[in-house]
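Engineer: So the chains spell out like this:
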Amino acid sequence: MMQRKAVIRVTSKLLIPFILLFALYVQWHGDFGPGGGFQAGVIFGAGFILYGLIYGVKQARQVIPAWLTRLVLALGVILYAAVGYVGLFMGGRFLNYSVLASTPTGGQHIGILLVELGVGMTVAAAMITIFFAFAGQEEEEHGAEWD
Amino acid sequence: MAVLALTLARIRNMYAVVMLTGIYSLLGAALYVILDAVDVAFTEAAVGAGMSTVLMIGTLALTSDREKVVSSAKTRRALFLVAITGAVLIYGTLDMPRYGDPAAPIHHHVVPRYIEESGKEVGLPNVVTSVLASYRGYDTMGEAFVIFTAAAGVLALIGRSRRRRRPDEEEGTGAKASGGGPAS
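Line by line, the protein sequences give chains A and B.
Each step along the first sequence adds one to the number in my numbering, with nothing skipped, and position 73 is 73.
Each step along the second sequence adds one to the number in my numbering, with nothing skipped, and position 131 is 131.
Hints are computed from structural coordinates only; laboratory data are not their basis.
Idealized CB from N, CA, C, for every residue including glycine.
You may find that some hints are simply not true.
[Said to hold, decoys possible] Derived coverage of chain B by chain A (criterion: at least 3 residues anywhere in the stretch with Cβ under 8 Å from a Cβ of chain A; other residues may be distant):
no., stretch
1, 45-54
2, 58-64
3, 129-138
4, 142-154
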């Protein structure tokens, strides 16, 4: 069943690294061009979802186990809130990044980078979680992988 | 886009509907690019055209690909309600400023400050990012929590029922396998 789709398998294997790389570019380059954590998270999640679509949920789950996506899902929002609290404890207001570094703009830069990373982590994990929740059901019911 | 929307309403094959919805989102993304909202276009293309199409196909695999046709007084009442809502919404747009009008209130409230000061205050060339992540940090955190909640909700609805169904299917084993450990 899986062997017949050689073209799709090879192309996706070629594409997935670039999808993930592009997601990272969008993530870290969001300050300078269009994009940011949300878009990067979706693209990063899409890379894994493509893998899951083609190789089946079981194999994809070996790459990213369920506990990992759940952990990242929670870590993302925790990171976001933690950046807010760090600013609070360093003498600023909640989510005021200016106090995070010696200069206000430097602090803003660090804060935005971390916050966007938190958003990206949560979004990517959420996309992967939702997709595998649906796809996993499908496998349960038909007892076979996606074809 | 209007032609697509009308076709969508007529078609009964759900796979075609999903595909057309994806095309609709892609056209929407193109429209955002024309309006110079590249960030929004990016999101629309990734989420609207890509992710939701995949998720809808996943849902279709679980359910049926044919739409059940109901035609009764209920649909007519719904059409009436939708028509009224649409008319009210269109009426609401009538006193909105023209697109690109420099006197529009949106160009006078906080936007000039964002555009002029964010370079000095935040130091990022992309104003959209500094507004989203810094000036509107609370909002973005709320969004992140919304996404977290959505994924948690899906897990609670679908992720668990999968594990619960298993002991029911193999009733002979009994023992109801290990209660509710979160690890799987």
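Engineer: Of all the hints given earlier, name the ones this structure violates by number, lowest first.
Structural biologist: none
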